[in-house]
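Okay, here's what each chain looks like letter by letter:
Protein chains: 4
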Amino acid sequence: MRDLVEIGMGRTARRSYDLDDIDIVPSRRTRSSKVVSTGWQIDAYRFDLPLVTHPTDAVVSPETAVAIGKLGGLGVLNAEGLWARHADAHSVLAKVVGAAKDGAQETELVRLLQELQSASVRMDLLTEAIRTVRDSGVTVAARVSPQHAAELTPSLLRAGVEILVVQGTIVSAEHVARDDDPLNLKDFISDLDVPVIAGGVSDYRTAMHLMRTGAAGVIVGHGYTPGVTSTDSVLGIGVPMATAVIDAAAARRDYLDETGGRYVHVLADGGMSCSGDIAKAIACGADAVMLGAPLAVANEAPGQGLYWTSAAAHPSLPRSRVVAGPRRDVDFKTLLHGPSPDAEGVVNLFGALRRALAKTGYSDLKEFQKVGLAVRA
Amino acid sequence: MRDLVEIGMGRTARRSYDLDDIDIVPSRRTRSSKVVSTGWQIDAYRFDLPLVTHPTDAVVSPETAVAIGKLGGLGVLNAEGLWARHADAHSVLAKVVGAAKDGAQETELVRLLQELQSASVRMDLLTEAIRTVRDSGVTVAARVSPQHAAELTPSLLRAGVEILVVQGTIVSAEHVARDDDPLNLKDFISDLDVPVIAGGVSDYRTAMHLMRTGAAGVIVGHGYTPGVTSTDSVLGIGVPMATAVIDAAAARRDYLDETGGRYVHVLADGGMSCSGDIAKAIACGADAVMLGAPLAVANEAPGQGLYWTSAAAHPSLPRSRVVAGPRRDVDFKTLLHGPSPDAEGVVNLFGALRRALAKTGYSDLKEFQKVGLAVRA
Amino acid sequence: MRDLVEIGMGRTARRSYDLDDIDIVPSRRTRSSKVVSTGWQIDAYRFDLPLVTHPTDAVVSPETAVAIGKLGGLGVLNAEGLWARHADAHSVLAKVVGAAKDGAQETELVRLLQELQSASVRMDLLTEAIRTVRDSGVTVAARVSPQHAAELTPSLLRAGVEILVVQGTIVSAEHVARDDDPLNLKDFISDLDVPVIAGGVSDYRTAMHLMRTGAAGVIVGHGYTPGVTSTDSVLGIGVPMATAVIDAAAARRDYLDETGGRYVHVLADGGMSCSGDIAKAIACGADAVMLGAPLAVANEAPGQGLYWTSAAAHPSLPRSRVVAGPRRDVDFKTLLHGPSPDAEGVVNLFGALRRALAKTGYSDLKEFQKVGLAVRA
Amino acid sequence: MRDLVEIGMGRTARRSYDLDDIDIVPSRRTRSSKVVSTGWQIDAYRFDLPLVTHPTDAVVSPETAVAIGKLGGLGVLNAEGLWARHADAHSVLAKVVGAAKDGAQETELVRLLQELQSASVRMDLLTEAIRTVRDSGVTVAARVSPQHAAELTPSLLRAGVEILVVQGTIVSAEHVARDDDPLNLKDFISDLDVPVIAGGVSDYRTAMHLMRTGAAGVIVGHGYTPGVTSTDSVLGIGVPMATAVIDAAAARRDYLDETGGRYVHVLADGGMSCSGDIAKAIACGADAVMLGAPLAVANEAPGQGLYWTSAAAHPSLPRSRVVAGPRRDVDFKTLLHGPSPDAEGVVNLFGALRRALAKTGYSDLKEFQKVGLAVRA
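Protein chains in written order, with our numbering: chain V, 1 to 377; chain F, 378 to 754; chain X, 755 to 1131; chain U, 1132 to 1508.
In case anyone wonders, no lab produced these hints; they're calculated from the structure.
Check before you lean on any hint, since a few could be wrong.
Below, a list of computed lysine to aspartate or glutamate pairs in the EDC-like style, where the Cα atoms sit at most 16 Å apart [unchecked claim]:
1) X/K824 / X/D889
2) X/K824 / X/D802
3) F/K447 / F/D609
4) U/K1232 / U/D1219
5) V/K370 / F/E383
6) V/K34 / V/D48
7) X/K1124 / U/E1137
8) U/K1165 / U/D1495
9) V/K70 / V/E300
10) V/K333 / V/E63
11) F/K747 / X/E760
12) U/K1501 / V/E6
In silico negatives: residues of chain V with every beta carbon more than 10 Å from chain U [what the hints assert, rightly or not]:
13) V5
14) R11
15) R15
16) S33
17) E63
18) T132
19) G137
20) I170
21) E174
22) G214
23) G305
24) D329
Positions of the beta carbon are idealized from the N, C-alpha and C atoms, including for glycine.
Using the sequences and the hints, build the whole thing.
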């Protein structure tokens, strides 16, 4: 039953599945969507929606972090993004958006982002941004890369960050570099007082190692977005999300057993473009989803319909395009809670999740992780 | 041989098949199509064709229910559709069709349908519609949702409905709501004197539970129509029809054994766009097919070539687009019985079914359920 | 290893493969294409090429049957086609071609073919056509349908037919009709002095039954041509050619054993659009290939680039479109023997076959039937 | 686990995988790309990059062989190409490029290449070309076909070739021809003082036989390039590269054991269009990659953006189109070493490879051959 295949003599590979390859199978009594909860709690923080934002400047500004927080999710500021480097981040972003509207080619947009990204991180701007979120009363989260985690974290904590996200394309429990000491996440986390969410990972073993560092949550995937990110064609590394999330959930279960009760959350990041994909990610075992592109269609999104991830600004090997998505004239509230004006599955994202639970007879997300799945032939 | 795959650690999914994934395999003597029967009987009602209409306003009006009845099938009026809410349903539908012809966007068409659908069901209109069908001498059937079954059914019976269809996207033997008592289909059906067809379901277990309620027929699927319905992208719920029909047929067989002889009919609803798909659905074990979009191309169809299902008018989460299909200038008679003017497989739907039986050497539908199948690599 | 899958509870289907799904795998020493033979012999008739024409009016006229015979293949006249019904078949075909060039819709072309096909078969025309071929010195073959085999065959034999092809979409050893006696192929063939090629079939059992009728050759498939024939969407019957040919070759082997030495030829008909497909069909075990559309691109083809099969003219259920293919300005000689002006794989069809044998180290077709195959993931 | 399938009765085929079918799976600690090596050594020759050029005139001239050598790879001149036949090869190529720019059809371009290729190989030109490369100080390599290996090699050696490439579409240890003695590669190689790289092969057995001839390296594949080469549609021979490379690597391992230590290099040729594919080929066990089309986008490429392989000029059965790829305005240095101006995966090919090693925690290519792989469902 273990789905190993010999893809050549003496070499096996595991057959792996995308969210597109699977279907949710209702097989119980049904339920009204009014008697269903989509609540999620990590550490001391409780959210109405199992939603964390992918930390891209295209979606998250201090203002939108607040907006999403008020709507029930968790906005994550990129502490190494444009908001941390430019006092006039709004006009800097307007420049990117304007260039795209004027028909700039992708290489020009990438060059512009690289240039903007080459400015230094300014602690004063970062502190101000975080305070803006904090003052609104919503939970404050920020993302750092493994490379700059040690350097940036103290200031972030002083500024009031409540949840720290340590996120790179691929993050391991230990990173080897030439000149510096390797970042040892376990030591790093044990010194902190706030919960840490770390990733991305794509397999059981790395997920397990990250859980053992003391992380409160592990991110699965690296924000794969069809037509936008290109980690697969650039590096040969793709993450079939259904299998990856299921494997991380298995690590969560084994780690829970190993520790006699420490529950580490699994966050799915990437491969979700409609509400059905969100339902499938939870069905595979995710505790919450990390969304980027699906949120970029909102009127309030700083990218104004443009979407890219931080990999777009890599100085020698960009792995994200800068892509203009379709505009839908919806605000975050409608995007998350509906009503949807059409049948496309991209608006009322969490109303749809609630209904998926109802149609399959589950009353909360944790239960729904057990729903039956079929795989397409 | 059981086609279970481990799609991630500790999580199995069944490999499931669409009608497109399979082929019918002739392996016997051949037969003239003149010595073949496509007759179907459910309860006391006998039909020349194994055809039930999907209860959408785009296809079924009182007039077309009569027409399809006279041609050998069973038309099902949606008791919660526009014919039950608007005295001038014809002009109301003309408004939708006109808006589409004038190039209205999908969101506008959805909004229009939502608005029209928000009018109350009027028992007088419903009664009149049913009487129209009844007076013509064909079998009278109407569809109610599980939510309104209890409320609407008495009037429907009084008006003369002979077969009741209780149909929602996903219907279970028991539906849990907050304020109301759950609808218990078993109690509901046992109180009725007319046969009930209920669904949709997509797995063995739910099919079996519905059979145990006393239903005369169980609907498999929810009218999936490529490019129109979006239950898969909105809710993550897709129904690979070949597998779903085969599973329901297995439930029928086991239930037959369990009851010592009660035969519950299996109706396939969705995933069929050409006559070959109809043949495959029967080959998988369906006793009859429920067709929507394939009938919408007929000149008499109220939608005049537009197609949508009742899910288009959902107030917060529509799951059906309103789509203009190709016009073919055929009437229902030609559509069902031929001749076909071309090789597209969308006209002469049941002449083609008859020929499929003939080419594979079977003389009736029940036998044909055993024809050999191949699955595409 | 038997590739059976349970596609639903209690129902298995065999996984079946198209020629597109497989690759030929070279694994021996290589060979010059000059030391390779593509010769084929059935009964007393020897051919330089393993080529039989699909009996469509679009490709085969008396003249092109001669031309193909002289180039090493076997042209098969359709004894129920336009050449047998119209004294002025050339101008009748010119009408079809002209209508297509004038932009006639598919339904009009089908109607025109139906009308032309409704004229009666004239024995005088048929006799004259066959004599034309015979006088040229090439082998004379004609096709009849199972329905008209008994009626037409005596005249065909008198006119000089040397090989008889009894061909329908699906042909079985026994055909049941209401009014007539069933055609019993075994009795029919045993009364004849000429070798009979019969089909199409798509599975082992029907192939075996046809072999037992005394047929000299069995046709596998029904001339499936992508974009042209629609047996799959109309009837649900598709024929994955790799599997079907391999199965028929297994029947040939078992029948050879059963009879202590009678070798019945397997002819693959359909699913081949380039020379690589021809090589794959032989690699799967075909003794010869039956080609239609690939020959229609030749300058001499009566259809002048239009292609259709006889199923296009069915009065109530056409199963072939009338399609204009790309013109390539090549004659039959170049089409079959090269040189090819480009890398498209559609010219020099049998030079390519010769080279495929050479590259894989085989010196004749019978040996080449054992070449290694891989299947695409 | 052996992935054999019965594709028809009594006939098995191995399920085979393309590079597109697989993903690299990170599962270890990560590493800075600065502490990673992409060095490769074959015989006495050491290279910074595991890069060998496919010997096509579209990419390799004496000048570009030097350029690529200086950038860390190995340029291979085609000793039977235009540089060996025309003193004015630059203007001859300009003619091809010009014709393409003027909109010449494919058949015209093929005819032009056939004509140019019909000139005789001139030893003086060949000698001069090789000396040009030699004088620059980089390693000198040239390709001959099996047919002309015996004739051309002595002159090539005299001119200073250091590595000989014997390459045809499919090369076996022994080639049978009518008039000539078969080329026995083993005898041929044992007489030489320079290392020989030979191929292409596509299976374990042929790879093993080639290794036993004494070859220093074996080429897997025949330069398959999507949209350009058509060996699959012309001959039915396709090479799923992931499986083929893994199988050849298995032969390398077994041959190493058989000989007590002779390590024969595996070079992957074809099926790679982006840097991720290069990483996957190495991950499957290739020691180096042979690139054609991916290099043709460089400004210095003689084909100026046109790409074709030597199979384009075959006199009767061309198997390569002449295709204009997208221009990217990059030189070889940027193409190989970056920086990349965008996220397309086609620039900074080996910087990306280095990063793929880093992200998966490997420090050299040999280790990286063990990285985990997943296969797409």
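Outcome of the hint check:
In summary, the hint linking X/K824 to X/D889 is supported, as the alpha carbons are separated by about 12 Å, within the 16 Å threshold. Taken as a hint, the X/K824 and X/D802 pair is honoured in the structure, with Cα atoms around 10 Å apart against an allowance of 16 Å. About 35 Å separates the Cα atoms of F/K447 and F/D609, which puts this hinted pair outside 16 Å; it is violated. Proposed proximity of U/K1232 and U/D1219 is contradicted: the alpha carbons are some 20 Å apart, above 16 Å.
Distance hint between V/K370 and F/E383 is fulfilled; the C-alpha atoms sit about 14 Å from each other, no more than 16 Å. For the proposed pair V/K34 and V/D48, the alpha carbon gap of about 14 Å is at most 16 Å, so the pair holds. Our distance criterion of 16 Å between C-alpha atoms is met by X/K1124 and U/E1137, whose separation comes to about 14 Å. About 12 Å separates the Cα atoms of U/K1165 and U/D1495, which keeps this hinted pair within 16 Å; it holds.
For the hint linking V/K70 to V/E300, the alpha-carbon distance of about 14 Å falls within 16 Å, and the restraint holds. Simply put, V/K333 and V/E63 have alpha-carbon atoms about 14 Å apart, close enough for the 16 Å limit, and the pair holds. For the suggested pair F/K747 and X/E760, the alpha carbons sit about 14 Å apart, so the restraint of at most 16 Å is met. Distance restraint check for U/K1501 and V/E6: the Cα-Cα separation of roughly 14 Å lies within the 16 Å cut-off, and the hinted pair is therefore satisfied.
Distance check on V/V5: its Cβ comes as close as 5 Å (rounded) to a Cβ of chain U, failing to clear the 10 Å threshold; non-interface status is violated. With a minimum CB-CB distance of about 5 Å to chain U, V/R11 fails to clear the 10 Å threshold, and the non-interface call is violated. Distance to chain U contradicts V/R15 as a non-interface residue, since its nearest Cβ pair spans about 5 Å, not more than 10 Å. Every beta carbon of chain U lies more than 10 Å from that of V/S33, the smallest distance being close to 31 Å; the non-interface claim holds.
With a cut of 10 Å on Cβ distances, V/E63 stays outside the contact zone with chain U, its closest approach being about 28 Å. Against chain U, the non-interface label of V/T132 holds: every CB pair exceeds 10 Å, the least being about 31 Å. Listed as a non-interface residue, V/G137 keeps its Cβ farther than 10 Å from every Cβ of chain U; the least gap is roughly 37 Å. Its closest Cβ contact with chain U, about 5 Å, brings V/I170 to no more than 10 Å, contrary to its assignment away from the interface.
At roughly 4 Å from the closest C-beta of chain U, the C-beta of V/E174 falls inside 10 Å, breaking its exclusion from the interface. For V/G214, the requirement that its beta carbon stay farther than 10 Å from each beta carbon of chain U is met, with the minimum near 17 Å. V/G305, annotated as away from the interface, keeps every beta carbon of chain U farther than 10 Å; the closest lies near 19 Å. With a cut of 10 Å on Cβ distances, V/D329 stays outside the contact zone with chain U, its closest approach being about 28 Å.
The structure shown violates the earlier hints numbered 3, 4, 13, 14, 15, 20, 21.
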